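Chains as they are written, first to last, in the working numbering: chain A, 6 to 229; chain B, 9 to 369.
Don't read these hints as lab results, they were simulated from the structure. Note that this is a predicted model, so its numbers are computed, not measured. For each residue, glycine too, the CB sits at the ideal point set by N, CA and C. Check the hints yourself; a few may be wrong.
Straight-line C-alpha distance at most 30 Å; calculated DSS-like pairs for lysine-lysine [unchecked claim]:
1) A:Lys83 - A:Lys142
2) B:Lys295 - A:Lys191
3) A:Lys87 - B:Lys295
4) A:Lys92 - B:Lys57
5) A:Lys120 - B:Lys360
6) B:Lys365 - A:Lys216
7) B:Lys22 - A:Lys109
8) B:Lys295 - A:Lys121
9) B:Lys14 - A:Lys92
10) A:Lys87 - B:Lys14
11) A:Lys228 - A:Lys181
12) B:Lys365 - A:Lys13
13) B:Lys214 - A:Lys121
14) B:Lys295 - A:Lys125
15) A:Lys75 - B:Lys14
16) A:Lys142 - B:Lys295
Stretch-level coverage of chain A by chain B, calculated; a stretch enters the list once three of its residues show a Cβ under 8 Å from a Cβ in chain B [what the hints assert, rightly or not]:
17) 74–88
18) 110–118
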Amino acid sequence: MKTLIEMKNVTKDFLNGEEVIHALKLTNFSAGEGELVAIIGPSGSGKSTFLTILGGLQRPTTGQVLIDGKPFSQLSDKQKTKVRFNKIGFILQQSNLIPFLNVKEQMLLHNRISKKRIDKAWLDDLLLSVDVKRFEKKYPNELSGGERQRVAIAKALYHNPSVVFADEPTASLDTKRAFAVVELLKSETKRQKKATIMVTHDERLVDYCDKVYVIVDGVMTQKK
Amino acid sequence: MYLAWKELKQSKGKFALIIVLVTLISYLVYFLTSLAYGLASSYTNGINKWQADNIILNYDANDNVMMSYLADAEYDRVEVDGQKAKLGFFPAIISLDNAPADVDTREAIYVFGIEDNSFIAPDQFADITLSNGVVIDESIKDAGYKLGDTIIITRTNGDTLEWVIEGFTTKTTYQTAPIIYTSMDNYRLYAFGNAAVPVFSAIVVKGSVNNLANATSSILVSYTIPDFINTLPGYTAQVLTFSLMIGFLILIVAFVLGIFIYVLTLQKINMFGVMKAQGIASSYIAKSVIWQTIILVFFGMIIGLALTIVSGIFLAAVAPFAFNVLFYFGISVAFIAFALIGGLFSVRAVTKIDPLKAMGA
């Protein structure tokens with residue numbers, strides 16, 4: 006199995022006045038093709054810090070992050086933005102949809118920016134697989150929370166990234182819809198051979214995951 | 009532009025309000041410009057019609073052509089490279105000879121006394137056949153004056169003269185009043201009571217003036233035509249007032265639009281933050297904000313300009329309203345340029361968005 010994302014000897018410290026806060030203690034982590042990895046832990050434990058360092062939105066104090074075997078965390082902000090655009094998909098708590106674009110336009114925005122040709126077969130396949138093809142002309146405010154999250158999953162996968170980050174993707178959903186979303190995330194991760202890293206506080210979802218890590222007070226340990 | 013346009017289409021109501029605001033202000037600016045240009049033109053049409061370069065007055069007249077008197081001998085001594093022409097100038101009140109007693113036909117006009125074949129004579133002047141024939145600006149028609157009418161012109165001592173309208177000229181006004189073109193003899197008869205008085209008001213020169221100081225018996229002053237226009241009573245004050253109003257209105261549009269776009273940008277900080285986290289470059293988002301500003305200004309301007317044209321069609325007869333494509337173009341460019349400067353605040357806000365904070369991490 007090919008490793009798609011790696012974190013090597015990463016720490017993250019913050020200064021709070023004169024006090025140093027160790028938000029993330031020495032951490033090593035990797036995720037490979039077709040793996041759905043859960044990161045769980047209580048609020049303030051360092052989950053978001055972990056995910057944002059992995060996604061290049063924060064610099065680690067020490068160590069490095071590699072994507073597809075290439076250094077990522079040391080790149081300039083501009084270079085990291087480019088890597089995020091091409092190699093990372095994001096799914097956020099409240100969905101990450103643009104309110105004035107319909108479902109299809111949400112996907113095609115990537116083509117417009119990258120000026121890449123639209124692969125209609127791939128678009129249809131993706132929308133069908135997450136069961137939102139029938140909503141392709143609808144705007145986010147015309148969809149339910151579960152439908153929006155399914156669209157967000159499709160959007161995160163549309164540009165064929167290596168890694169998908171899901172930050173509390175089920176937080177705004179009821180149990181039934183939350184399970185459905187994670188099942189979908191898992192099936193798409195396997196089908197498209199991505200590495201999906203899901204941060205959640207909901208331990209009921211870990212059964213769907215290949216690996217489970219727990220973060221408490223900035224210390225990450227593997228549970229499964 | 010794609011995101012800007014999509015958002016405009018989705019939130020029509022919100023953006024329609026901004027467009028209405030830009031429309032109203034741009035309408036006011038275009039309208040004032042047309043009025044200012046019309047008014048300025050009606051001050052100077054008669055002068056610009058000469059297509060001259062200089063005008064020579066008596067020094068003692070203190071820039072005022074009405075107070076300037078020159079002798080024929082001085083005209084002969086002035087040497088120019090080009091053409092020169094005598095101008096007799098005098099204000100007057102005219103009325104219609106055949107008007108009913110209960111109808112007031114009095115009109116304020118300016119008499120321009122000119123010589124035959126003078127380069128400052130309008131084309132219609134050559135068609136005069138009567139010794140008391142005149143041509144007059146066509147705006148007098150609105151007061152009921154017609155071709156062939158006999159007009160009464162009253163001298164300062166109460167004597168009256170009768171002149172006959174033999175033609176109409178276009179765009180020949182001076183300080184908003186119509187100009188009557190008549191012979192030098194008629195002018196002298198009216199101004200001095202004697203056609204043989206060898207006096208006139210100014211020398212109009214097409215070309216350059218030579219030996220002004222040495223060749224004449226009295227002190228003469230030469231003005232370029234633009235300088236002369238600026239000495240017209242009220243002209244500079246009026247142009248400056250309008251220019252200041254127009255300039256400030258353009259600045260107000262820039263500020264108002266800048267604030268609107270800035271507030272809209274602040275409302276979208278979370279969305280922009282998420283987009284940045286997804287790897288969409290700040291420059292792409294900033295361009296979208298700038299395009300939105302341009303589109304809003306463009307629509308507001310177009311509607312404002314259309315309203316100005318419609319207003320002009322209806323008001324042309326009652327107000328000194330004149331269209332000027334060059335001014336409209338300049339103002340439109342200024343509108344867009346200043347609105348873009350206002351939009352730069354939003355661009356700065358976009359570049360400063362921290363995706364981490366916007367995502368609530």
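Do the hints match the structure? See the list:
1. A:Lys83 - A:Lys142: Distance of about 33 Å is beyond 30 Å: violated.
2. B:Lys295 - A:Lys191: Distance of about 37 Å is beyond 30 Å: violated.
3. A:Lys87 - B:Lys295: 17 Å, holds
4. A:Lys92 - B:Lys57: 71 Å, violated
5. A:Lys120 - B:Lys360: It holds: about 26 Å lies between the C-alpha atoms, which stays within 30 Å.
6. B:Lys365 - A:Lys216: Holds, at about 29 Å.
7. B:Lys22 - A:Lys109: 24 Å, holds
8. B:Lys295 - A:Lys121: Holds. Lys295 (chain B) to Lys121 (chain A) sits at ~19 Å (cutoff 30 Å).
9. B:Lys14 - A:Lys92: 26 Å, holds
10. A:Lys87 - B:Lys14: Holds, at roughly 24 Å.
11. A:Lys228 - A:Lys181: Status holds; Cα separation ~25 Å.
12. B:Lys365 - A:Lys13: 25 Å, holds
13. B:Lys214 - A:Lys121: Cα-Cα ~65 Å, so violated.
14. B:Lys295 - A:Lys125: The given pair, whose Cα atoms are some 27 Å apart, holds under the 30 Å limit.
15. A:Lys75 - B:Lys14: Distance ~37 Å between Lys75 (chain A) and Lys14 (chain B) Cα, so the pair is violated.
16. A:Lys142 - B:Lys295: Measuring from Cα to Cα gives roughly 26 Å; hence the hint holds.
17. 74–88: Coverage by chain B holds for the stretch 74–88 of chain A (4 residues, Cβ < 8 Å).
18. 110–118: holds (count 4)
In summary, the numbered hints that this structure violates are 1, 2, 4, 13, 15.
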